[in-house]
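A.B. asks: The lines below spell out each chain.
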Amino acid sequence: MKPVAFSYHRPRTLDEALALLRSEPDCKVIAGGQSLIPLMNFRLSRPGALVDINEIEGLNRVEKTDGGLRIGALVRHQALAEHPLVREVCPVLAEAAGHVGHWAIRNRGSLGGSLAHADPAAELPAAMVALDARFEVASADGVRQVPARSFFLGYLMTDLAPDELLVAVHVPAQTGRAFGFHEFARRPGDFALAGAFAEVGPGGAGAVTWFGVSGGPERCELTFPEDAAAREAAFAALVEPFDPGQDAPYRRHLAVQAAERAYQQAVGGRG
Amino acid sequence: MSEVQTKVRIRLRVNGAEHEVDVEPRWLLSDVLRHQLGLTGTHVGCEQGVCGACTVLVDGRPERSCLMFAVQAEGHEVTTVEGLTPAEGLSPLQAAFQAHHALQCGFCTPGMLVTAEALLRENPNPTEEQVREALSGNVCRCTGYQFIVDAVLAAAREGRS
Ligand SMILES: Cc1cc2nc3c(=O)[nH]c(=O)nc-3n(C[C@H](O)[C@H](O)[C@H](O)COP(=O)(O)OP(=O)(O)OC[C@H]3O[C@@H](n4cnc5c(N)ncnc54)[C@H](O)[C@@H]3O)c2cc1C
Ligand code: FES
Ligand code: FES
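As given, the protein sequences belong to chains X and H, one line each in that order.
The working numbering applies: residue 1 is where the first sequence begins, and numbers increase by one.
The working numbering applies: residue 1001 is where the second sequence begins, and numbers increase by one.
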C-alpha cells in the first residue's frame, strides 16, 4: 500500500513551521520519518499535510551550556552516538543512542522524533527521564519548558499539542552521580525486550529507569543494596507492578537483569 | 484539497546525474527510483524499514529509500547499487560476493552491497563483529549470512593488500 495523498510543506525557518502547524488542518510534523512513514505506508496514519522540518537551520546542533548540553531535536541517532560533546558530557546517552534501530535507521531518525513518538520500548525517552532532561517546546505562541519526567503520558502519548514542535532538549551535566545502561533485544537494532538506566549517587542512593516493560519510561528511586541477592530482590519488587504485555514473567526477569548490569556499569565507572 | 494530488517538479541527483521528475509528494524515493528512473536495482521488500532491501546512500550514508519521500531527496546526493557498479565488470565488493557465494536469489543483495560499501568506506578494516552489526538491518532469507560476512571481510582484506 502507499500513503494517502497529503500536502507537503518544507519550511526554512522555525517561525514558518510553527505558523503552518497552526494553520494547516490535520497536519503532522515529519522529521526522520522512521516511525511516521511506516505508519503512513500502511495507512495507519493519514495526515492531510506534512510539515517537513529537515531543512530548518539550526535544529541539528549540539551545544555546551552552563548546566550541561543543549541538543537540537533534529540530531540524528547516529550523530548523537558519535558526537564528541555527548560522549564527553553524557556518555550513557551516546551509548543508548547507538542501540536505537539499525545503522540506516539511526542515520535518519531524530532525537525529537523518538521523543515525540514515545514508543514504550524506545531508549531515548527513558534516557531523558533518567537524566532529568528538560524539553524546549515551541508553538506560534512562544516557548515553554517541559520536564522529561512529566512529558510522557503513556503508550505513544506525550504532553505535546498538535501545533507544537519539540525544538531541543537540555540535559544537565551528571555531577556526583554515575550512570549505567543495559538492554536486551533479540538482535542488535531490534526494539528492546527490556532495558534499564541505573543512576547511582553517594551512599548507593539512586534510581533505575526502565523501558520496554510498561507503557512508557518507569523511574523508581531506591537505595541500591550492596548485596547482590538483596539488589535482585529489590529490582524484582520494583518491576512487579509493570505490565510488559507479551511474555510478562520473562520480560520482568530481563528487566531485573538489565537493571543489575546497568548498575554494574555505573559503579564500574563506565557510565 | 485540490492541491493534494498535484505533482511537483523536483531535481534529483542520483549516481552523479541530474534528473528532473514530476512526483506526487506521497511517492516514496524507492518507487521513484524504480518506476520513474528505471533504477530497479533498489529492491522493495517491506516498506517499513525492516528488511533493508531498499537501502541507498544519501550523501554517502546508508538510509532506507522506502522511508523517505522522493521530494525530500531534493538537494541531496543519492547513490544506488547501480552507482556502485563499474561500467565494465564488478566492483571489488561485488566480485567478493560472487567468489564467496554471498547471494542466492539476490533479492537482498543490493541493500547488502550498498550497506557494506558504506561500511568499508568509513572503516576499511572492520572486525567480523562490526560487519555483522552494520548488516544487522538487512534481512537475507537464503544465505544464512555467513558467506555475506566472509565476502565483506575478504573485500576489506583485498582493499588493504
Ligand atoms: C526497522 C526500525 C527499527 C527501529 N528500532 C528502534 C529501536 O530499537 N529503538 C527506538 O527507540 N526506535 C527504533 N525505531 C524508531 C526510530 O527511532 C525513529 O527514528 C524514531 O522513533 C522517530 O524519529 P523520526 O525522526 O524518524 O520521527 P518521525 O517518524 O518523523 O516522527 C515520529 C512522530 O513524531 C512527530 N515528531 C517528529 N519530530 C517532532 C518534533 N521535533 N516535534 C514534534 N513532533 C515531532 C511526528 O509528527 C510523528 O508523529 C526503529 C525504526 C525502524 C524503522
Ligand atoms: S523495503 Fe525498505 S526496508 Fe524493507
Ligand atoms: S540471497 Fe536471497 S534473500 Fe539474500
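What the hints contain is simulated information worked out from the structure, not anything from laboratory work.
Backbone N, C-alpha and C fix where the C-beta goes; we use that ideal spot for every residue, glycine too.
Hints should not be assumed to be uniformly reliable.
Stated by the list, open to error - Cβ-Cβ distance ranges computed for the label pairs, FRET-style: (1) Leu1090/H <-> Arg46/X: 39 to 45 Å; (2) Glu232/X <-> Leu1090/H: 50 to 56 Å; (3) Glu82/X <-> Asp1022/H: 33 to 39 Å.
A.B. asks: Which of the listed hints are not met by the structure?
C.D. replies: Those not satisfied: there are none.
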